[in-house]
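Let the sequences and hints guide you as you build the complete structure.
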Amino acid sequence: MLRKVPALLLALLLATGLAWAQGEDPPPAESAETGETAETAEEAALVGEVEAEITASTVSSTLGDGMVAPGNIVVADYPNDAGDGLLLYFDPGSEADNENFAGYAIYRRTLGEEELLLVGTIDADEGAEFVDGYDPDFIVEPGVQYEYQVAAMYLNGAEVPSDPVTAQEVASGQIYHAGKTRVLVGCVLFLGLILFYFHAAQRGVEMYLRPIAGIEAIDEAIGRATEMGKPILYVPGLSTISDVATIASITILGRVAKKVAEYGTPLLVPNRDPIVYTIAEETVKQAYMEAGRPDAFDKDSVFFLTQSQFAFVAGVNGIMMREKPATNFYLGMFWAESLILAETGSLSGAIQIAGTDAVTQLPFFITTCDYTLIGEELYAASAYLGREPKQLGSIKGQDACKGIIMAVITLGLLLALTDIIAGTETLDWLKSVVTMPIVD
Amino acid sequence: MTETIGLWVAALFTIGIYSFLYKENPLYRLAEHLVVGVSTGYGITVTYTNVIQPRFVEPIANGEPGAWILVVPALLGLLYITRFFPNAAWLSRYPMAFLMGAGMGIGFPLSMKASVLRQLEASLIPLYETGMAWDVVIGNVVMVLGTLAALIYFFFSKPHKGPFFGTGSKIGIWVIMVGFGATFGFTVMGRISLLIGRIQFLLGDWLHIIK
Amino acid sequence: MSIWEKMLNLDRRWIFLLIGIACVVPFFTPLGLPILPSAEVLGIYDHIEGLGPDNAIFVGFDFDPGTAAENMPMGVAVLRHAFARNIPVFITAYTPLGQGMAAMGLAEVTDESTPDYFKYVYWEEWAFVREQGIIDRAEIEEAWIAEGNSLPENASGWVFEGRDVAMLGFLPYFHLVILGMSSSISSQYPTDVGGTPLEDMPMYQEHKSLREIDLAVTTAGSSACMAWITYGREKIGLPIAFGVTAVMATDYFIYIQSGQIIGQMGGLRGAAEYETLLMGWSGDGIDREAYASTPGKAFVGMDVQNIAHLLIIFLVILGNIAFFAGGFHKKTKLKGRR
Amino acid sequence: MKRSIPLAIVMVGGILFMIQYFIPHQYSQTLFDYYTEWAPLVGAFALVLGVGSLSRLHSHKIKRKAKNWQYSYAVLIPLFGVPFFALIMPESLGGGIMQTMGGDRVTQGVFDFTYMNVQVPIQATMFSLLAFYIASAAFRAFRAKSALASVLLIAAIIVMLGQVPIGELIGKWFPKIGLWILRYPNLGAKRAIALGVGFGMLATQLKIIFGVERNWLGGAGE
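Sequence lines, in order, name chains U, B, Y and W.
Mapping of the first sequence onto numbering that gives the first Met the number 0: position 83 corresponds to residue 82, and the numbering continues sequentially without gaps.
Mapping of the second sequence onto numbering that gives the first Met the number 0: position 143 corresponds to residue 142, and the numbering continues sequentially without gaps.
Mapping of the third sequence onto numbering that gives the first Met the number 0: position 135 corresponds to residue 134, and the numbering continues sequentially without gaps.
Mapping of the fourth sequence onto numbering that gives the first Met the number 0: position 170 corresponds to residue 169, and the numbering continues sequentially without gaps.
No lab work stands behind these hints: they were computed from the structure.
Heads up, some of the hints might be wrong.
Selected chain U positions facing chain Y (in silico; Cβ < 7 Å) [to be verified]:
#	residue
1	E125
2	Y133
3	I437
Derived pair list, reagent style SDA-like, types lysine to any residue, alpha-carbon separation capped at 20 Å [claimed, not checked]:
#	chain 1	residue 1	chain 2	residue 2
4	Y	K329	Y	M6
5	B	K169	U	E261
6	B	K157	U	A199
7	B	K160	U	P210
8	U	K229	U	A199
9	W	K60	U	F303
10	B	K210	Y	P25
11	W	K175	W	I165
12	U	K284	U	D297
13	W	K206	U	L183
14	Y	K5	Y	L17
15	U	K389	W	E212
16	B	K22	U	T305
17	W	K66	U	T305
18	W	K206	U	P388
19	U	K284	U	F309
20	W	K62	W	F79
21	B	K22	U	R321
22	Y	K118	Y	A83
23	B	K22	U	L154
24	Y	K118	Y	R84
25	U	K430	B	L144
26	U	K298	U	P230
27	B	K160	U	A157
28	U	K298	U	I318
29	W	K60	U	I240
30	Y	K234	U	P78
31	W	K62	W	A73
The beta-carbon is built from N, C-alpha and C at its ideal position, and this holds for glycine as well.
Shown next, in the form of structure tokens:
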């Protein structure tokens with residue numbers, strides 16, 4: 000598998016690099032004011048483009064008192080939208096130096112209409128750009144020809160309007176959002192890898208998964224219980240069957256039950272969710288059959304306790320104190336009760352093996368139990384034991400993606416070191432390949 | 000008056016639940032059941048007044064133009080009820096499918112962006128820049144190497160042997176343990192905070208012994 | 000039975016009693032130790048400090064009563080800060096029970112018994128001001144006072160319903176609601192919880208979609224806060240701040256470092272840091288305005304937390320000494336364990 | 000009809016909206032707007048499932064006089080009582096719900112009363128029980144059994160001391176080291192876990208969309 004990682008990485012870099020090179024993020028052009036956010040940088044860049052495209056349309060009206068109104072209004076379609084936005088850009092008039100200057104008012108009308116509507120204002124310190132169409136009361140219709148007027152507003156209430164200008168472009172929706180190429184590459188890559196490994200697994204291609212130390216411990220713990228002639232307690236988590244951890248736990252339960260059936264050790268499986276209960280019962284029964292001892296299956300070994308979280312814990316604690324199981328398994332999804340379960344178990348002197356993907360509960364299991372399957376180790380252990388193609392394929396696909404991430408981070412580390420030693424700026428280049436604009 | 004009664008009821012339940020620490024008892028059991036009933040009842044009310052009334056009942060009653068189309072999602076939602084009739088239970092899969100499919104589809108690219116690509120982007124940081132404090136430099140190295148090492152630990156396609164995978168996974172598990180230590184410490188703080196909140200209620204709001 | 004074994008087999012109700020005492024006694028002997036605000040909390044404070052009546056924020060009460068002890072002081076502190084600066088606040092909830100929490104939080108800030116409370120002016124009460132066509136925040140207050148209303152002595156300001164605050168409440172499938180609000184808030188919430196149409200509210204008329212909002216603070220006891228990042232931040236670039244329970248706080252540092260959130264209050268400590276800032280903390284040499292005269296619940300709670308933490312640490316160490324000295328570690332050993 | 004159509008809806012909806020993200024065009028936006036408008040309405044009815052199964056379970060318990068059956072009334076009465084008072088009863092008889100809870104408008108109805116004085120204290124107190132359990136587990140169960148567990152406990156103690164003001168009195172560097180742990184090694188570990196979880200979540204979403212994962216169909220007959 001790992002041999003494929005560099006090739007995949009190359010594909011990723013190639014694809015993102017290509018997208019990047021095509022200039023969907025043009026270098027920030029100079030603008031009247033430099034915005035700090037990527038948003039304004041993008042807009043500024045866009046304005047630069049528009050400026051290059053459109054040369055004409057200069058309407059600067061000179062008024063009394065030597066006041067010059069804003070002019071050179073340029074209207075362009077806002078890119079990557081549903082055709083509901085227009086970008087307005089203009090040159091400030093003489094108001095920019097006036098201390099009474101309060102901001103701009105933007106007026107709009109559909110071509111051929113009389114009345115100008117105030118669609119928005121710009122504060123004095125916000126520059127000379129405006130995106131029209133964000134106000135749900137004055138939406139921009141795609142394909143409609145508008146006329147715009149920009150008026151400089153003064154603190155005394157006076158307005159110095161420009162002449163109305165017919166918009167050079169009409170709003171239109173785009174079929175593809177050019178700013179989302181990196182996300183697209185990521186999605187396609189992930190989708191491709193997962194589907195590839197799904198098919199490979201279903202075709203029966205042999206797939207390597209490294210041995211997981213916890214599995215050894217599981218077998219050993221079952222052996223220990225058998226020696227002592229005491230029961231084994233298996234809690235398949237407190238969540239529903241829609242939780243991945245529960246599904247993983249049920250697979251492991253099958254394996255444990257089979258071993259238990261072979262050794263003839265008693266098994267106790269308390270449940271909180273009624274559906275998980277029925278599935279767990281099926282699984283254990285099946286395991287006894289596979290072990291060739293269907294008659295040894297005790298119907299009362301898998302049981303439903305209660306749905307209430309703390310009442311369930313109280314019930315399981317009672318079992319631990321009465322039956323004194325030699326081994327406790329807590330595999331699946333756990334919440335705050337993890338601590339109460341594991342504490343009681345450790346007091347009863349049992350060997351405890353836990354496994355969950357609930358990060359907040361893992362520290363308690365690690366300090367209290369003898370062995371803990373951390374996060375994804377639980378899924379991997381289940382795939383390893385269950386050998387179910389679906390599960391295996393999914394684990395392998397995710398692993399491949401992790402491989403790509405690892406490769407990029409390693410590359411980043413190397414480039415960062417190069418930068419320190421040689422004083423270059425290679426990391427910035429790599430970062431620009433993966434960095435996405437904040438706004439879609 | 001109502002307020003005083005309310006305080007006493009709340010205090011009674013608070014103490015009743017704490018009595019569980021000594022021994023399981025009927026008051027605790029009552030509280031355990033009540034909380035299920037009240038929260039669901041509350042949910043029904045709020046859902047009706049916040050969703051069904053303004054989004055369905057009112058537009059239809061006011062005869063808003065085009066409101067009739069809302070009958071479609073409402074009927075779809077009503078199919079959930081079929082769940083309780085074994086013969087028609089399968090119909091309840093339709094509203095679930097409507098919500099599930101599109102929900103997953105909308106979430107997929109956004110999760111890819113927020114949880115994967117953004118995190119990748121954030122781990123590409125310069126380790127050292129002029130003027131950086133030494134603890135930040137060490138921190139940056141620990142952070143980037145830590146992410147890489149912990150990823151190696153969760154990588155299942157290679158045995159944990161050799162300088163890259165062997166050492167990497169060992170460093171990885173140590174870093175993970177430090178991270179879990181932090182979670183542990185914070186969790187302790189959180190649980191105690193909840194207790195302090197209840198004591199503030201008992202001693203302050205109810206008994207007025209403390210401010 | 001050795002002395003260690005006896006110790007470890009101590010009835011745990013004694014320990015329960017011990018922690019109970021450790022959390023009650025300090026209330027009567029306050030230490031009053033200072034709390035230093037961290038960069039993560041300052042990030043939120045400074046952002047809100049840079050806003051004013053022309054801006055607007057969202058505050059999500061995205062938690063249930065179970066974690067109210069931690070989350071409520073955060074929500075209350077942010078509301079207090081916003082009201083003091085006359086920043087309009089839209090209040091939402093992720094769960095039905097969260098709506099009740101939001102109502103309680105708002106009530107706490109506007110209740111007469113709270114020190115430095117804000118006098119709440121109901122929508123219908125100031126109708127006459129709206130009829131005059133006044134929209135500016137300062138002018139509204141002027142017109143309201145001109146009508147013979149005066150600020151109660153222990154109150155620190157007015158809150159005009161519909162101008163300073165709108166209680167939007169709970170909606171199911173909240174991540175879709177966030178997405179929907181990115182084009183128009185009123186498409187998701189035609190009215191507030193009380194039935195007042197949003198379209199009539201001055202604060203809505205000035206801020207019609209999430210694009211015109213300057214910050215969303217989500218106080219959460221579950222992963223609900225992630226919806227704001229995935230669907231708010233990544234979709235329209237809305238600045239987000241977290242107020243999360245301590246249990247979750249360590250998991251979300253990655254979003255601060257990646258720049259996806261501007262700051263985070265973690266657990267009671269985070270809330271206490273914010274309260275310190277609201278009281279005009281100037282330990283770093285910067286003069287801050289004091290918005291509150293008395294410490295809030297979180298600050299007082301942190302005082303109590305001191306002793307409890309020391310007790311827990313003591314118990315861990317003592318327990319381990321007993322365990323190893325008593326030789327229990329030899330009894331249960333698995334080859335495969337780590 | 001029973002399985003294949005829902006599976007097809009999921010697949011079509013999933014793929015459609017996955018692609019929709021990349022298409023800003025107005026038709027795509029309209030489709031999206033319809034969905035965000037309808038989904039909460041459809042989702043609101045899902046509450047029926049919870050109410051139905053609760054009332055069925057508890058009425059059965061009462062009928063069969065199962066163990067602790069009396070307590071089932073404590074579930075059923077508020078389950079229907081709360082919405083009945085809130086939505087149907089007039090305000091003079093304890094009905095109605097709060098309008099806004101700002102200011103001095105005292106709440107009187109059953110709806111507000113049960114929330115403030117039953118729901119809030121019970122739920123908050125239940126969770127606070129964990130403070131007691133954590134103390135007991137601290138003494139009796141949290142063991143530094145191995146080098147790794149010791150690292151975990153030491154980091155935990157530093158962070159715990161760093162979080163409370165008294166930590167600074169004990170050692171000036173406790174808060175500093177505590178924060179350093181949170182910002183760097185903790186962040187490194189959590190990012191790796193988050194990436195793993197992220198991939199796991201994405202894989203699950205794909206499995207549901209493509210009908211590989213069908214557990215959500217369960218329990219409604221074949």
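Here is what the structure says about each hint:
no. : hint             : verdict
1   : E125             : violated (11 Å)
2   : Y133             : holds (5 Å)
3   : I437             : holds (5 Å)
4   : K329/Y to M6/Y   : holds (18 Å)
5   : K169/B to E261/U : violated (36 Å)
6   : K157/B to A199/U : holds (18 Å)
7   : K160/B to P210/U : holds (12 Å)
8   : K229/U to A199/U : violated (43 Å)
9   : K60/W to F303/U  : holds (15 Å)
10  : K210/B to P25/Y  : holds (13 Å)
11  : K175/W to I165/W : holds (13 Å)
12  : K284/U to D297/U : holds (9 Å)
13  : K206/W to L183/U : holds (19 Å)
14  : K5/Y to L17/Y    : holds (18 Å)
15  : K389/U to E212/W : holds (9 Å)
16  : K22/B to T305/U  : holds (19 Å)
17  : K66/W to T305/U  : holds (12 Å)
18  : K206/W to P388/U : holds (13 Å)
19  : K284/U to F309/U : violated (28 Å)
20  : K62/W to F79/W   : holds (18 Å)
21  : K22/B to R321/U  : holds (17 Å)
22  : K118/Y to A83/Y  : holds (11 Å)
23  : K22/B to L154/U  : violated (73 Å)
24  : K118/Y to R84/Y  : holds (14 Å)
25  : K430/U to L144/B : holds (17 Å)
26  : K298/U to P230/U : holds (15 Å)
27  : K160/B to A157/U : violated (77 Å)
28  : K298/U to I318/U : holds (17 Å)
29  : K60/W to I240/U  : violated (24 Å)
30  : K234/Y to P78/U  : holds (15 Å)
31  : K62/W to A73/W   : holds (15 Å)
Figure legend: structure checked against the earlier numbered hints; hints not met, in rising order: 1, 5, 8, 19, 23, 27, 29.
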